[in-house]
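Asker: Okay, so the sequence shown: first residue is 1 according to UniProt numbering, each after it adds one.
Don't read these hints as lab results, they were simulated from the structure. It should be emphasised that the depicted structure is a prediction, and the values quoted were computed from it without experimental measurement. All residues carry an ideal CB built from backbone N, CA and C; glycine is no exception. Check before you lean on any hint, since a few could be wrong.
Unchecked claim - Think about it this way: if two alpha-carbon atoms lie no more than 20 Å apart in a straight line, the pair counts; the simulated EDC-like pairs of lysine to aspartate or glutamate are:
hint : residue 1 : residue 2
1    : Lys-476   : Asp-400
2    : Lys-514   : Asp-400
3    : Lys-235   : Glu-251
4    : Lys-16    : Asp-373
5    : Lys-379   : Glu-510
6    : Lys-512   : Asp-400
7    : Lys-98    : Glu-294
As the list claims (entries may be wrong) - Quick list of simulated restraints, FRET-style, between CB atoms:
hint : residue 1 : residue 2 : range
8    : Trp-19    : Gly-120   : 45 to 53 Å
9    : Trp-366   : Gly-513   : 20 to 28 Å
10   : Phe-119   : Gly-406   : 43 to 51 Å
11   : Trp-19    : Cys-359   : 26 to 34 Å
12   : Gly-120   : Gly-181   : 26 to 34 Å
13   : Gly-181   : Thr-477   : 53 to 61 Å
14   : Phe-371   : Phe-22    : 26 to 34 Å
15   : Ala-71    : Pro-474   : 36 to 44 Å
16   : Thr-124   : Arg-297   : 47 to 55 Å
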Amino acid sequence: MAGDQVHVLSALDGAKTQWYHFTAIIVAGMGFFTDAYDLFCISLVTKLIGRIYYTVPGSSRPGSLPPTVSAVVNGVAFVGTLSGQLFFGWLGDKVGRKSVYGMTLMLMILCSVASGLSFGNTPTSVMATLCFFRFWLGFGIGGDYPLSATIMSEYANKRTRGAFIAAVFAMQGFGILAGGGVAIGITALFRDLFPAPPYAADPAASTPAQADYVWRIVLMLGALPAALTFYWRMKMPETARYTALIAKNAERAAADMSKVLQVEITKEQAGDLETVITIKSHTPPPSFGLFSGEFVRRHGLHLVGTASTWLLLDIAYYSQNLFQKDIFSAIGWIPPAPTMSALDELFHIARAQILIALCGTVPGYWFTVAFIDSVGRFKIQLMGFFMMTTFMVGLAVPYDYWTGQGHQAGFVVMYALTFFFANFGPNATTFIVPAEIYPARLRATCHGISAASGKVGAIIGSFGFLYLAQSPDPAKTAHGYHPGIGVRYSLLVLAGCSLMGFLLTFLVPEPKGKSLEEMSRETEPDHC
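Model the full structure from these sequences, guided by the hints.
Answerer: So, in C-alpha coordinates, the structure goes:
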(Lines of atoms letter the chains of each structure in order from A and count residues from 1; the text may use other names and numbers.)
(Lines give C-alpha, C1' and ligand atoms only; values in the text may rest on other atoms or scores of the structure.)
Protein backbone atom coordinates (compact mmCIF):
# COMPACT_ATOMS: atom_id res chain seq x y z
CA MET A 1 0.00 0.00 0.00
CA ALA A 2 2.74 2.45 1.00
CA GLY A 3 4.69 1.43 -2.11
CA ASP A 4 1.68 2.17 -4.31
CA GLN A 5 1.35 5.63 -2.83
CA VAL A 6 5.00 6.46 -3.37
CA HIS A 7 4.68 5.10 -6.92
CA VAL A 8 1.81 7.49 -7.64
CA LEU A 9 3.67 10.53 -6.28
CA SER A 10 6.87 9.47 -8.05
CA ALA A 11 5.34 10.97 -11.21
CA LEU A 12 6.17 14.34 -9.68
CA ASP A 13 9.65 13.24 -8.58
CA GLY A 14 10.50 11.95 -12.04
CA ALA A 15 8.93 14.78 -14.05
CA LYS A 16 11.04 16.69 -16.55
CA THR A 17 11.82 20.33 -15.85
CA GLN A 18 9.18 22.38 -17.66
CA TRP A 19 8.20 25.99 -18.21
CA TYR A 20 5.68 25.73 -15.38
CA HIS A 21 8.53 25.22 -12.89
CA PHE A 22 10.18 28.50 -13.95
CA THR A 23 6.86 30.34 -13.76
CA ALA A 24 6.40 28.97 -10.24
CA ILE A 25 9.87 30.20 -9.24
CA ILE A 26 9.05 33.77 -10.30
CA VAL A 27 5.55 33.77 -8.79
CA ALA A 28 6.69 32.17 -5.53
CA GLY A 29 9.80 34.34 -5.37
CA MET A 30 8.01 37.68 -5.40
CA GLY A 31 7.58 37.59 -1.63
CA PHE A 32 11.34 37.35 -1.21
CA PHE A 33 11.88 40.07 -3.80
CA THR A 34 9.62 42.34 -1.72
CA ASP A 35 11.34 41.27 1.52
CA ALA A 36 14.82 42.12 0.23
CA TYR A 37 13.62 45.34 -1.42
CA ASP A 38 12.07 46.53 1.82
CA LEU A 39 15.06 45.57 4.00
CA PHE A 40 17.44 47.26 1.57
CA CYS A 41 15.42 50.46 1.30
CA ILE A 42 14.49 50.93 4.96
CA SER A 43 18.10 51.71 5.94
CA LEU A 44 18.17 54.42 3.26
CA VAL A 45 14.72 55.68 4.19
CA THR A 46 15.56 56.01 7.88
CA LYS A 47 18.63 58.10 7.02
CA LEU A 48 16.46 60.50 5.03
CA ILE A 49 13.67 60.58 7.64
CA GLY A 50 16.32 61.43 10.24
CA ARG A 51 17.35 64.45 8.19
CA ILE A 52 13.77 65.56 7.51
CA TYR A 53 12.22 65.13 10.95
CA TYR A 54 15.05 64.96 13.50
CA THR A 55 17.53 67.69 12.51
CA VAL A 56 18.22 70.00 15.45
CA PRO A 57 18.55 73.67 14.36
CA GLY A 58 22.08 74.92 14.93
CA SER A 59 23.61 71.43 15.15
CA SER A 60 26.90 70.80 13.36
CA ARG A 61 25.63 67.41 12.13
CA PRO A 62 22.46 66.51 10.20
CA GLY A 63 19.64 64.78 12.07
CA SER A 64 19.35 61.03 12.52
CA LEU A 65 16.83 58.74 14.14
CA PRO A 66 17.26 58.37 17.92
CA PRO A 67 18.49 54.83 18.82
CA THR A 68 15.16 53.76 20.32
CA VAL A 69 13.17 54.98 17.31
CA SER A 70 15.61 53.30 14.90
CA ALA A 71 15.34 50.04 16.85
CA VAL A 72 11.53 50.12 16.77
CA VAL A 73 11.34 50.89 13.03
CA ASN A 74 13.59 47.96 12.18
CA GLY A 75 12.44 45.64 14.95
CA VAL A 76 8.72 45.90 14.28
CA ALA A 77 9.14 44.36 10.81
CA PHE A 78 11.13 41.45 12.29
CA VAL A 79 8.43 40.83 14.90
CA GLY A 80 5.79 40.91 12.16
CA THR A 81 7.79 38.48 10.02
CA LEU A 82 8.30 36.09 12.94
CA SER A 83 4.55 36.16 13.73
CA GLY A 84 3.64 35.59 10.07
CA GLN A 85 6.01 32.63 9.75
CA LEU A 86 4.40 30.84 12.68
CA PHE A 87 0.79 31.72 11.83
CA PHE A 88 0.80 31.10 8.08
CA GLY A 89 2.98 28.00 8.44
CA TRP A 90 0.35 26.48 10.74
CA LEU A 91 -2.52 27.71 8.55
CA GLY A 92 -0.92 26.36 5.35
CA ASP A 93 -0.94 22.86 6.83
CA LYS A 94 -4.49 23.18 8.12
CA VAL A 95 -6.37 24.59 5.12
CA GLY A 96 -3.93 24.16 2.23
CA ARG A 97 -1.03 26.08 0.75
CA LYS A 98 -3.00 27.71 -2.06
CA SER A 99 -5.85 28.83 0.19
CA VAL A 100 -3.67 31.27 2.12
CA TYR A 101 -1.01 32.02 -0.51
CA GLY A 102 -2.85 35.00 -1.97
CA MET A 103 -3.37 36.53 1.49
CA THR A 104 0.34 36.96 2.11
CA LEU A 105 0.97 38.70 -1.22
CA MET A 106 -2.05 40.99 -0.79
CA LEU A 107 -0.78 42.01 2.66
CA MET A 108 2.60 42.84 1.15
CA ILE A 109 1.09 44.91 -1.66
CA LEU A 110 -1.26 46.91 0.57
CA CYS A 111 1.27 47.53 3.34
CA SER A 112 4.09 48.52 0.97
CA VAL A 113 1.81 51.21 -0.46
CA ALA A 114 0.50 52.21 2.98
CA SER A 115 4.07 52.53 4.34
CA GLY A 116 4.69 55.28 1.82
CA LEU A 117 1.47 57.00 2.85
CA SER A 118 2.48 57.22 6.53
CA PHE A 119 0.32 60.02 7.85
CA GLY A 120 1.11 63.36 9.39
CA ASN A 121 4.01 65.78 9.30
CA THR A 122 5.34 65.37 12.83
CA PRO A 123 8.03 62.83 13.74
CA THR A 124 5.72 60.94 16.13
CA SER A 125 2.79 60.54 13.73
CA VAL A 126 4.95 59.57 10.74
CA MET A 127 6.99 57.00 12.69
CA ALA A 128 3.94 55.53 14.46
CA THR A 129 2.05 54.88 11.21
CA LEU A 130 5.21 53.69 9.42
CA CYS A 131 5.80 51.15 12.22
CA PHE A 132 2.17 49.99 12.13
CA PHE A 133 2.26 49.24 8.40
CA ARG A 134 5.75 47.73 8.59
CA PHE A 135 4.51 45.23 11.16
CA TRP A 136 1.79 44.00 8.80
CA LEU A 137 4.17 44.09 5.84
CA GLY A 138 6.46 41.82 7.85
CA PHE A 139 3.50 39.60 8.73
CA GLY A 140 2.78 39.01 5.04
CA ILE A 141 6.47 38.50 4.20
CA GLY A 142 6.73 36.02 7.08
CA GLY A 143 3.89 33.93 5.68
CA ASP A 144 5.69 33.66 2.37
CA TYR A 145 8.66 31.83 3.91
CA PRO A 146 6.94 28.51 4.79
CA LEU A 147 4.36 28.68 1.99
CA SER A 148 6.73 29.42 -0.90
CA ALA A 149 9.31 26.88 0.24
CA THR A 150 6.68 24.17 0.77
CA ILE A 151 4.87 24.82 -2.51
CA MET A 152 8.10 24.77 -4.52
CA SER A 153 9.35 21.59 -2.82
CA GLU A 154 6.03 19.82 -3.49
CA TYR A 155 5.93 20.90 -7.16
CA ALA A 156 9.54 20.07 -7.98
CA ASN A 157 11.14 16.83 -9.16
CA LYS A 158 13.73 15.31 -6.84
CA ARG A 159 16.67 15.83 -9.22
CA THR A 160 16.40 19.62 -9.28
CA ARG A 161 14.27 20.32 -6.19
CA GLY A 162 17.11 22.03 -4.32
CA ALA A 163 17.88 24.37 -7.22
CA PHE A 164 14.20 25.33 -7.61
CA ILE A 165 13.76 26.18 -3.92
CA ALA A 166 17.11 28.00 -3.91
CA ALA A 167 16.03 30.01 -6.98
CA VAL A 168 12.88 31.16 -5.14
CA PHE A 169 15.07 32.34 -2.26
CA ALA A 170 17.57 33.91 -4.69
CA MET A 171 14.87 36.33 -5.83
CA GLN A 172 16.08 38.30 -2.80
CA GLY A 173 19.12 39.18 -4.88
CA PHE A 174 16.96 40.84 -7.52
CA GLY A 175 15.06 42.63 -4.75
CA ILE A 176 18.33 44.08 -3.40
CA LEU A 177 19.39 45.26 -6.86
CA ALA A 178 15.93 46.67 -7.61
CA GLY A 179 15.87 48.50 -4.28
CA GLY A 180 19.23 50.06 -4.98
CA GLY A 181 18.34 50.92 -8.56
CA VAL A 182 15.04 52.54 -7.61
CA ALA A 183 16.65 54.51 -4.77
CA ILE A 184 19.45 55.76 -7.03
CA GLY A 185 17.06 56.60 -9.89
CA ILE A 186 14.50 58.48 -7.78
CA THR A 187 17.22 60.30 -5.86
CA ALA A 188 19.07 61.32 -9.04
CA LEU A 189 15.82 62.66 -10.52
CA PHE A 190 14.99 64.74 -7.44
CA ARG A 191 18.60 66.00 -7.15
CA ASP A 192 18.38 67.34 -10.69
CA LEU A 193 14.95 68.89 -10.16
CA PHE A 194 15.62 70.30 -6.68
CA PRO A 195 19.38 70.91 -6.23
CA ALA A 196 20.49 71.53 -2.65
CA PRO A 197 23.76 72.63 -1.00
CA PRO A 198 25.68 70.45 1.50
CA TYR A 199 24.57 70.53 5.12
CA ALA A 200 27.72 72.36 6.21
CA ALA A 201 27.03 75.20 3.74
CA ASP A 202 23.32 75.66 4.51
CA PRO A 203 21.69 73.21 6.99
CA ALA A 204 18.10 74.27 6.24
CA ALA A 205 18.40 74.23 2.45
CA SER A 206 20.36 70.93 2.36
CA THR A 207 17.10 69.00 2.81
CA PRO A 208 14.57 70.31 0.26
CA ALA A 209 10.90 69.96 1.17
CA GLN A 210 10.42 67.59 -1.80
CA ALA A 211 12.77 65.05 -0.16
CA ASP A 212 9.75 63.91 1.87
CA TYR A 213 8.32 62.47 -1.37
CA VAL A 214 11.48 60.48 -2.15
CA TRP A 215 11.33 57.97 0.68
CA ARG A 216 7.59 57.51 0.21
CA ILE A 217 7.93 56.79 -3.52
CA VAL A 218 10.81 54.35 -2.91
CA LEU A 219 8.76 52.34 -0.39
CA MET A 220 5.59 52.33 -2.49
CA LEU A 221 7.31 51.09 -5.64
CA GLY A 222 8.18 47.90 -3.75
CA ALA A 223 4.56 46.82 -4.19
CA LEU A 224 4.72 46.87 -7.99
CA PRO A 225 6.39 43.49 -8.75
CA ALA A 226 4.22 41.74 -6.16
CA ALA A 227 1.08 43.26 -7.67
CA LEU A 228 2.10 42.15 -11.17
CA THR A 229 2.32 38.50 -10.07
CA PHE A 230 -0.81 38.42 -7.89
CA TYR A 231 -3.03 37.08 -10.70
CA TRP A 232 -0.69 34.15 -11.44
CA ARG A 233 -0.34 33.32 -7.76
CA MET A 234 -4.11 33.01 -7.46
CA LYS A 235 -4.17 30.74 -10.53
CA MET A 236 -1.61 28.30 -9.11
CA PRO A 237 -3.22 24.95 -8.25
CA GLU A 238 -2.95 23.36 -4.83
CA THR A 239 0.05 21.05 -4.62
CA ALA A 240 -0.80 17.47 -5.56
CA ARG A 241 1.00 16.20 -2.47
CA TYR A 242 -1.21 18.22 -0.14
CA THR A 243 -4.34 17.13 -2.01
CA ALA A 244 -3.33 13.47 -2.09
CA LEU A 245 -1.73 13.02 1.32
CA ILE A 246 -3.76 15.41 3.49
CA ALA A 247 -7.04 16.28 1.73
CA LYS A 248 -7.21 12.75 0.17
CA ASN A 249 -9.01 14.04 -2.91
CA ALA A 250 -7.82 11.73 -5.68
CA GLU A 251 -9.61 13.40 -8.58
CA ARG A 252 -8.36 16.86 -7.66
CA ALA A 253 -4.82 15.57 -7.04
CA ALA A 254 -4.77 13.97 -10.50
CA ALA A 255 -6.01 17.18 -12.11
CA ASP A 256 -3.41 19.26 -10.27
CA MET A 257 -0.65 16.84 -11.20
CA SER A 258 -1.62 17.09 -14.85
CA LYS A 259 -1.41 20.90 -14.68
CA VAL A 260 2.03 20.85 -13.14
CA LEU A 261 3.40 18.06 -15.37
CA GLN A 262 1.61 19.31 -18.49
CA VAL A 263 0.46 15.77 -19.28
CA GLU A 264 -2.95 14.21 -19.30
CA ILE A 265 -3.55 11.75 -16.47
CA THR A 266 -5.81 8.99 -17.68
CA LYS A 267 -8.96 7.86 -15.91
CA GLU A 268 -7.19 4.60 -15.08
CA GLN A 269 -4.31 6.47 -13.44
CA ALA A 270 -6.72 8.70 -11.55
CA GLY A 271 -8.62 5.59 -10.52
CA ASP A 272 -5.39 4.02 -9.26
CA LEU A 273 -4.75 7.12 -7.17
CA GLU A 274 -8.34 6.99 -5.88
CA THR A 275 -7.83 3.36 -4.89
CA VAL A 276 -4.56 4.06 -3.13
CA ILE A 277 -6.05 6.94 -1.16
CA THR A 278 -9.17 4.91 -0.33
CA ILE A 279 -7.01 2.06 0.98
CA LYS A 280 -4.92 4.57 2.87
CA SER A 281 -7.99 6.17 4.41
CA HIS A 282 -9.03 2.77 5.83
CA THR A 283 -5.54 2.07 7.13
CA PRO A 284 -4.61 4.37 10.03
CA PRO A 285 -1.97 6.74 8.59
CA PRO A 286 0.83 8.21 10.67
CA SER A 287 -1.23 10.66 12.69
CA PHE A 288 1.24 11.95 15.24
CA GLY A 289 1.15 15.66 15.98
CA LEU A 290 3.88 18.21 16.42
CA PHE A 291 4.00 17.78 20.19
CA SER A 292 3.83 13.98 20.23
CA GLY A 293 6.50 11.54 21.33
CA GLU A 294 6.44 10.00 17.83
CA PHE A 295 7.34 13.36 16.23
CA VAL A 296 10.15 13.82 18.73
CA ARG A 297 11.45 10.30 17.95
CA ARG A 298 11.34 10.79 14.17
CA HIS A 299 12.07 14.49 13.71
CA GLY A 300 12.88 16.05 17.08
CA LEU A 301 16.61 16.37 16.44
CA HIS A 302 15.94 17.50 12.87
CA LEU A 303 13.81 20.39 14.17
CA VAL A 304 16.49 21.31 16.73
CA GLY A 305 19.01 21.27 13.86
CA THR A 306 17.02 23.34 11.34
CA ALA A 307 15.88 25.89 13.96
CA SER A 308 19.23 26.33 15.74
CA THR A 309 21.33 26.63 12.56
CA TRP A 310 18.94 29.24 11.14
CA LEU A 311 19.06 31.14 14.47
CA LEU A 312 22.87 31.18 14.55
CA LEU A 313 23.16 32.05 10.86
CA ASP A 314 20.88 35.08 11.21
CA ILE A 315 22.71 36.35 14.30
CA ALA A 316 25.89 36.46 12.23
CA TYR A 317 24.27 37.53 8.96
CA TYR A 318 22.23 40.47 10.23
CA SER A 319 24.89 41.84 12.57
CA GLN A 320 27.33 41.98 9.64
CA ASN A 321 25.16 44.75 8.20
CA LEU A 322 26.01 46.92 11.20
CA PHE A 323 29.59 47.32 10.05
CA GLN A 324 28.74 48.53 6.55
CA LYS A 325 28.59 52.23 7.32
CA ASP A 326 32.01 52.12 9.05
CA ILE A 327 33.54 50.26 6.11
CA PHE A 328 32.01 52.59 3.53
CA SER A 329 33.22 55.67 5.38
CA ALA A 330 36.71 54.24 5.96
CA ILE A 331 37.31 53.50 2.28
CA GLY A 332 35.86 56.79 1.10
CA TRP A 333 32.75 55.45 -0.62
CA ILE A 334 30.59 57.71 1.55
CA PRO A 335 31.86 61.23 2.38
CA PRO A 336 31.20 62.69 5.87
CA ALA A 337 27.49 63.49 6.32
CA PRO A 338 27.90 67.29 6.76
CA THR A 339 29.59 67.52 3.34
CA MET A 340 26.48 66.19 1.57
CA SER A 341 22.87 67.24 1.07
CA ALA A 342 20.15 64.81 2.20
CA LEU A 343 19.67 63.40 -1.31
CA ASP A 344 23.45 63.19 -1.91
CA GLU A 345 23.75 60.99 1.18
CA LEU A 346 20.93 58.72 0.01
CA PHE A 347 22.55 58.38 -3.43
CA HIS A 348 26.02 57.51 -2.05
CA ILE A 349 24.75 54.94 0.48
CA ALA A 350 22.54 53.20 -2.12
CA ARG A 351 25.46 53.02 -4.57
CA ALA A 352 27.82 51.59 -1.94
CA GLN A 353 25.33 48.95 -0.80
CA ILE A 354 24.70 47.86 -4.39
CA LEU A 355 28.45 47.37 -4.90
CA ILE A 356 28.65 45.11 -1.82
CA ALA A 357 25.57 43.18 -3.03
CA LEU A 358 27.04 42.70 -6.51
CA CYS A 359 30.41 41.58 -5.16
CA GLY A 360 29.30 39.14 -2.49
CA THR A 361 25.62 38.74 -1.78
CA VAL A 362 23.99 38.13 -5.17
CA PRO A 363 26.65 35.77 -6.64
CA GLY A 364 26.40 33.60 -3.52
CA TYR A 365 22.69 32.94 -4.11
CA TRP A 366 23.27 31.72 -7.65
CA PHE A 367 26.28 29.57 -6.78
CA THR A 368 23.89 27.74 -4.45
CA VAL A 369 21.34 27.32 -7.25
CA ALA A 370 24.06 25.93 -9.52
CA PHE A 371 25.65 23.44 -7.11
CA ILE A 372 23.09 22.42 -4.49
CA ASP A 373 21.79 19.34 -6.31
CA SER A 374 25.28 18.07 -7.15
CA VAL A 375 27.23 18.97 -4.00
CA GLY A 376 24.32 18.60 -1.58
CA ARG A 377 22.76 20.74 1.15
CA PHE A 378 24.83 19.29 4.01
CA LYS A 379 28.25 19.95 2.45
CA ILE A 380 27.30 23.46 1.28
CA GLN A 381 26.02 24.39 4.74
CA LEU A 382 29.13 23.02 6.47
CA MET A 383 31.40 24.80 4.01
CA GLY A 384 29.50 28.08 4.40
CA PHE A 385 29.63 28.10 8.20
CA PHE A 386 33.32 27.12 8.15
CA MET A 387 34.26 29.89 5.71
CA MET A 388 32.19 32.47 7.61
CA THR A 389 34.04 31.50 10.81
CA THR A 390 37.39 31.72 9.02
CA PHE A 391 36.78 35.14 7.46
CA MET A 392 35.33 36.64 10.65
CA VAL A 393 38.40 35.53 12.60
CA GLY A 394 40.51 36.87 9.73
CA LEU A 395 38.77 40.24 10.05
CA ALA A 396 38.84 40.36 13.86
CA VAL A 397 42.36 39.27 14.86
CA PRO A 398 44.24 41.83 12.72
CA TYR A 399 41.38 44.38 12.98
CA ASP A 400 43.73 47.32 13.63
CA TYR A 401 45.74 46.36 10.54
CA TRP A 402 42.65 46.20 8.30
CA THR A 403 41.35 49.59 9.44
CA GLY A 404 44.77 51.23 9.04
CA GLN A 405 45.54 53.51 6.13
CA GLY A 406 46.01 51.65 2.83
CA HIS A 407 44.54 48.31 3.88
CA GLN A 408 40.83 49.03 3.54
CA ALA A 409 40.55 47.29 0.16
CA GLY A 410 41.57 44.00 1.76
CA PHE A 411 38.98 44.52 4.49
CA VAL A 412 36.26 45.01 1.87
CA VAL A 413 37.30 41.83 0.04
CA MET A 414 37.19 39.80 3.27
CA TYR A 415 33.85 41.37 4.19
CA ALA A 416 32.34 40.59 0.76
CA LEU A 417 33.60 36.99 0.95
CA THR A 418 31.86 36.56 4.31
CA PHE A 419 28.56 37.49 2.64
CA PHE A 420 29.36 35.32 -0.38
CA PHE A 421 29.81 32.20 1.74
CA ALA A 422 26.77 33.04 3.86
CA ASN A 423 24.64 32.96 0.69
CA PHE A 424 26.58 30.12 -0.94
CA GLY A 425 26.02 28.34 2.32
CA PRO A 426 23.65 28.42 5.30
CA ASN A 427 21.57 31.46 4.32
CA ALA A 428 20.18 29.38 1.43
CA THR A 429 20.33 25.87 2.88
CA THR A 430 18.57 26.74 6.15
CA PHE A 431 15.64 27.89 3.98
CA ILE A 432 15.67 24.84 1.69
CA VAL A 433 16.08 21.84 4.01
CA PRO A 434 13.05 22.41 6.31
CA ALA A 435 10.81 22.22 3.22
CA GLU A 436 12.14 18.74 2.39
CA ILE A 437 12.46 16.65 5.56
CA TYR A 438 9.13 16.91 7.43
CA PRO A 439 5.79 15.14 6.77
CA ALA A 440 3.37 16.92 4.41
CA ARG A 441 0.82 17.63 7.15
CA LEU A 442 3.50 19.36 9.30
CA ARG A 443 5.83 20.63 6.57
CA ALA A 444 4.80 24.30 6.49
CA THR A 445 4.47 24.42 10.29
CA CYS A 446 7.99 23.08 10.87
CA HIS A 447 9.40 25.37 8.20
CA GLY A 448 7.64 28.30 9.91
CA ILE A 449 9.12 27.33 13.29
CA SER A 450 12.62 27.09 11.81
CA ALA A 451 12.20 30.42 9.99
CA ALA A 452 10.82 32.13 13.12
CA SER A 453 13.86 30.88 15.03
CA GLY A 454 15.95 32.58 12.36
CA LYS A 455 14.10 35.85 12.87
CA VAL A 456 14.87 35.66 16.60
CA GLY A 457 18.50 35.45 15.48
CA ALA A 458 17.98 38.47 13.20
CA ILE A 459 16.62 40.48 16.15
CA ILE A 460 19.61 39.48 18.30
CA GLY A 461 22.01 40.26 15.46
CA SER A 462 20.47 43.60 14.57
CA PHE A 463 19.89 44.99 18.04
CA GLY A 464 22.06 43.06 20.48
CA PHE A 465 25.15 43.70 18.41
CA LEU A 466 24.16 47.29 17.70
CA TYR A 467 24.88 47.91 21.37
CA LEU A 468 27.59 45.26 21.79
CA ALA A 469 29.72 46.60 18.91
CA GLN A 470 29.95 50.11 20.39
CA SER A 471 33.45 51.24 21.33
CA PRO A 472 34.57 50.50 24.91
CA ASP A 473 35.70 54.15 25.03
CA PRO A 474 32.66 56.27 26.09
CA ALA A 475 34.02 59.17 24.04
CA LYS A 476 33.79 57.10 20.83
CA THR A 477 30.32 55.56 21.19
CA ALA A 478 27.52 56.64 18.87
CA HIS A 479 25.15 59.24 20.26
CA GLY A 480 22.65 57.67 22.68
CA TYR A 481 24.54 54.37 23.15
CA HIS A 482 26.47 52.94 26.09
CA PRO A 483 30.03 51.57 25.68
CA GLY A 484 30.25 48.01 24.33
CA ILE A 485 33.00 45.52 23.53
CA GLY A 486 33.92 47.04 20.16
CA VAL A 487 33.81 45.76 16.60
CA ARG A 488 36.83 43.46 16.95
CA TYR A 489 35.46 41.40 19.83
CA SER A 490 31.97 41.48 18.31
CA LEU A 491 33.43 39.82 15.20
CA LEU A 492 34.99 37.12 17.38
CA VAL A 493 31.62 36.46 19.05
CA LEU A 494 30.03 36.17 15.59
CA ALA A 495 32.77 33.75 14.54
CA GLY A 496 31.81 31.67 17.58
CA CYS A 497 28.15 31.69 16.45
CA SER A 498 29.21 30.47 13.00
CA LEU A 499 31.31 27.70 14.54
CA MET A 500 28.32 26.54 16.61
CA GLY A 501 26.25 26.55 13.41
CA PHE A 502 28.88 24.33 11.79
CA LEU A 503 28.61 21.79 14.64
CA LEU A 504 24.79 21.80 14.80
CA THR A 505 24.59 21.16 11.05
CA PHE A 506 25.39 17.52 11.89
CA LEU A 507 21.82 17.21 13.27
CA VAL A 508 20.35 17.96 9.81
CA PRO A 509 19.93 15.10 7.26
CA GLU A 510 20.89 15.30 3.57
CA PRO A 511 17.81 15.33 1.27
CA LYS A 512 19.77 15.36 -2.01
CA GLY A 513 18.33 12.94 -4.57
CA LYS A 514 15.59 11.61 -2.26
CA SER A 515 11.82 12.04 -2.56
CA LEU A 516 9.93 14.05 0.04
CA GLU A 517 8.21 10.85 1.17
CA GLU A 518 11.56 9.11 1.75
CA MET A 519 12.89 12.03 3.77
CA SER A 520 9.75 12.53 5.86
CA ARG A 521 9.12 8.76 6.28
CA GLU A 522 5.55 9.67 5.35
CA THR A 523 4.38 6.12 4.74
CA GLU A 524 5.86 4.44 7.80
CA PRO A 525 3.28 3.39 10.42
CA ASP A 526 3.29 4.91 13.89
CA HIS A 527 5.33 3.16 16.58
CA CYS A 528 3.05 2.29 19.46
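Asker: If a hint holds in the structure, say so; if it doesn't, say that too.
Answerer: We went through each hint and held it up to the structure:
no.: 1; hint: Lys-476 <-> Asp-400; verdict: holds (16 Å)
no.: 2; hint: Lys-514 <-> Asp-400; verdict: violated (48 Å)
no.: 3; hint: Lys-235 <-> Glu-251; verdict: holds (18 Å)
no.: 4; hint: Lys-16 <-> Asp-373; verdict: holds (15 Å)
no.: 5; hint: Lys-379 <-> Glu-510; verdict: holds (9 Å)
no.: 6; hint: Lys-512 <-> Asp-400; verdict: violated (43 Å)
no.: 7; hint: Lys-98 <-> Glu-294; verdict: violated (28 Å)
no.: 8; hint: Trp-19 <-> Gly-120: 45 to 53 Å; verdict: holds (48 Å)
no.: 9; hint: Trp-366 <-> Gly-513: 20 to 28 Å; verdict: holds (21 Å)
no.: 10; hint: Phe-119 <-> Gly-406: 43 to 51 Å; verdict: holds (49 Å)
no.: 11; hint: Trp-19 <-> Cys-359: 26 to 34 Å; verdict: holds (32 Å)
no.: 12; hint: Gly-120 <-> Gly-181: 26 to 34 Å; verdict: holds (29 Å)
no.: 13; hint: Gly-181 <-> Thr-477: 53 to 61 Å; verdict: violated (35 Å)
no.: 14; hint: Phe-371 <-> Phe-22: 26 to 34 Å; verdict: violated (19 Å)
no.: 15; hint: Ala-71 <-> Pro-474: 36 to 44 Å; verdict: violated (20 Å)
no.: 16; hint: Thr-124 <-> Arg-297: 47 to 55 Å; verdict: holds (53 Å)
Violated hints, in rising order: 2, 6, 7, 13, 14 and 15; the structure is consistent with all others.
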